[in-house]
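All chains, full assembly: derive it from the sequences and hints.
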Amino acid sequence: MLRPPPSFRWARRVFLTLLTGFVLTPVLVMVSSSLKPLRDVQGPFRWIPSELTFRPYLDIWSTVPLADYFVNSLIVSVSATVLSVLIAIFSAYAVSRYRFRGRKLFTVTVLSTQMFPGILFLLPLFLIFVNIGNATGVALYGSRGGLILTYLTFSLPFSIWMLVGYFDSIPRDLDEAAAVDGCGPLRTLVRIVVPAATPGIVAVSVYAFMTAWGEVLFASVMTNDTTRTLSVGLQGYATQNDVYWNQVMAASLVVSVPVVAGFLLLQRYLVAGLTAGAVK
Amino acid sequence: MTRRRLGLPYLLLLPALALELLIHLVPMVVGMVMSFKRLTQFYIRDWSTAPWSGLDNYRVSVDFSAPIGRSLLNSFWVTCLFTALAVGFSWLLGTAAAVFLQESFRGRGLLRTLFLVPYALPVYAAVITWSFMFQRDTGLVNHLLVDQLHLFDEKPFWLIGDNSFTALVVVAVWKTWPFAFLTLMAGLQNIPRELYEAAAMDGAGVWQQLRKITLPSLRPVNQVLVLVLFLWTFNDFNTPYVLFGKSAPEQADLISIHIYQSSFVTWNFGAGSAMSVLLLLFLLLVTAVYLFLTSRRRGADA
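Protein chains in written order, with the UniProt record's numbering: chain H, 1 to 280; chain Y, 1 to 302.
Treat each hint with caution, since some may be false.
Said to hold, decoys possible - Distance ranges between label pairs, derived from CB positions:
#, chain 1, residue 1, chain 2, residue 2, range
1, Y, GLY205, H, ARG187, 48 to 58 Å
2, H, LEU38, Y, SER104, 28 to 38 Å
3, H, ILE132, Y, SER104, 51 to 61 Å
To be verified - Listing some non-contacts, in silico: residues in chain H with all C-beta distances to chain Y over 12 Å:
#, residue
4, ARG46
5, ASP68
6, GLN114
Derived by calculation from the structure, the hints in this document are not laboratory data.
The beta carbon of each residue, even a glycine, is placed where N, CA and C say it ideally should be.
Written as structure tokens, this is what we have:
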């Protein structure tokens with residue numbers, strides 16, 4: 001679009017101002033409330049704390065075992081991300097570079113699992129994990145392993161889909177040149193395709209990590225006291241009599257900052273990845 | 001060499017296939033079997049011993065004159081309306097923001113980053129903040145609407161009763177629209193600049209360029225985007241669960257929460273499974289019709 005006229009610029013200004021307000025309000029509420037003493041968040045809302053305090057940021061660690069939840073979330077999310085991206089790279093390479101029987105079926109099956117509601121798998125999966133545990137003694141239910149296994153399939157379809165698009169956009173001449181130099185298929189993947197597709201790989205990693213870090217449904221059913229993740233743990237600030245809203249807000253900020261910072265740093269790649277992969 | 005080559009793609013796909021099988025396909029089959037069983041908490045340890053009940057679970061689910069069927073039907077309609085509104089608004093906001101941010105101006109980079117914050121925030125942290133904002137006596141929403149704008153005489157409840165639906169839609173839109181924005185922004189980058197230059201040369205104004213170039217060029221992106229938004233929103237569990245807890249108010253009783261409630265709170269896993277299967281059939285049908293319609297239109301364009 002070239003040389004926007006004043007009417008367009010005014011519409012833009014008004015719209016963007018309102019939208020910024022809408023987007024930022026919860027963030028500002030989080031910050032402001034996390035710096036308030038308890039009596040402030042128990043009374044009518046006000047933006048400015050009556051007394052500025054960092055107390056909630058200290059208390060969050062003792063009201064609930066937040067550090068344990070943090071570690072659990074970190075282990076589960078990082079493992080799920082690394083595994084899902086690795087598996088997606090292999091699958092996407094096969095789909096992008098080879099013509100084989102069942103190729104279409106594979107893509108359709110994997111993609112269509114994304115449309116099914118999580119609730120559909122939850123109960124059967126829960127029962128299957130219990131059965132596997134009874135039969136083999138491998139405790140999947142309630143373990144981090146079970147959660148990792150589940151989470152890595154959540155981001156898999158999207159990652160494969162996006163990486164296929166990305167790999168497709170890398171010229172095959174490069175592969176062929178590598179083959180002439182004596183590289184086998186796997187060496188070609190590692191030496192040529194993966195480096196050329198780094199932005200796409202960063203993008204799906206970010207997506208996979210965020211999916212795992214934010215998941216609520218499976219975390220609330222499939223974890224126990226020792227494997228609880230942040231998404232469930234944050235509910236612990238509400239007791240029978242009181243909700244420690246200032247601590248809830250402080251804890252929300254603490255668990256959000258790492259993801260949001262990482263995401264905003266890497267968002268360029270996500271846009272680039274979407275452009276090359278999914279949106280064609 | 002040739003044999004290794006032929007087997008290689010399958011070998012590469014093996015991990016993904018095995019996982020899809022374990023986490024998605026097998027559970028789906030198990031879920032279907034379960035929907036034909038009288039499965040209560042007594043059979044959890046070994047669900048295969050639960051007695052068969054034929055189509056009973058389905059009959060109960062769709063018997064709209066009885067309480068279970070009636071509440072399922074209610075939650076189905078609630079979910080449809082919720083999805084239409086949340087997807088509609090998210091799409092509108094996303095499109096408008098992407099279009100307004102297409103040309104560079106001062107502050108564009110900053111806004112682009114800010115707008116992605118709701119997408120980056122973990123759902124539970126964001127939605128829990130909204131639930132704080134919607135608290136009747138201590139929340140920001142009533143402070144704004146009642147104390148500052150004097151729109152109501154008395155502070156309304158937002159998380160129970162009729163207003164809970166509005167609250168749910170607002171939160172869902174807030175959380176979902178940045179994804180539409182992100183996708184559409186990526187889509188806009190694929191439109192060649194020459195198109196706009198040619199149009200401007202022919203005397204087309206900004207609004208005309210928007211209607212004649214931008215929106216038509218985004219159509220393929222929109223076709224995928226709307227489908228994805230539909231599926232995510234229709235299946236959304238996290239938002240209502242964090243906002244309302246294990247049982248949502250009747251006016252905001254989304255289907256995924258409803259099934260969760262039937263299965264894990266009232267311990268009727270058989271009925272819960274039957275409802276899941278019905279939901280799945282509905283989603284398959286909608287998706288098939290949608291894909292059919294959009295591909296036909298694409299055919300007509302060519």
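Hint check:
1. GLY205/Y <-> ARG187/H: 48 to 58 Å: 55 Å, holds
2. LEU38/H <-> SER104/Y: 28 to 38 Å: Since the Cβ atoms of LEU38/H and SER104/Y sit about 46 Å apart, the hinted range of 28 to 38 Å is violated.
3. ILE132/H <-> SER104/Y: 51 to 61 Å: Holds - the Cβ-Cβ distance for ILE132/H and SER104/Y, about 55 Å, lies within 51 to 61 Å.
4. ARG46: 8 Å, violated
5. ASP68: Its Cβ never comes within 12 Å of chain Y, the nearest being 17 Å, so this holds.
6. GLN114: 7 Å, violated
Checked against the numbered hints above, the structure violates hints 2, 4 and 6; every other hint is satisfied.
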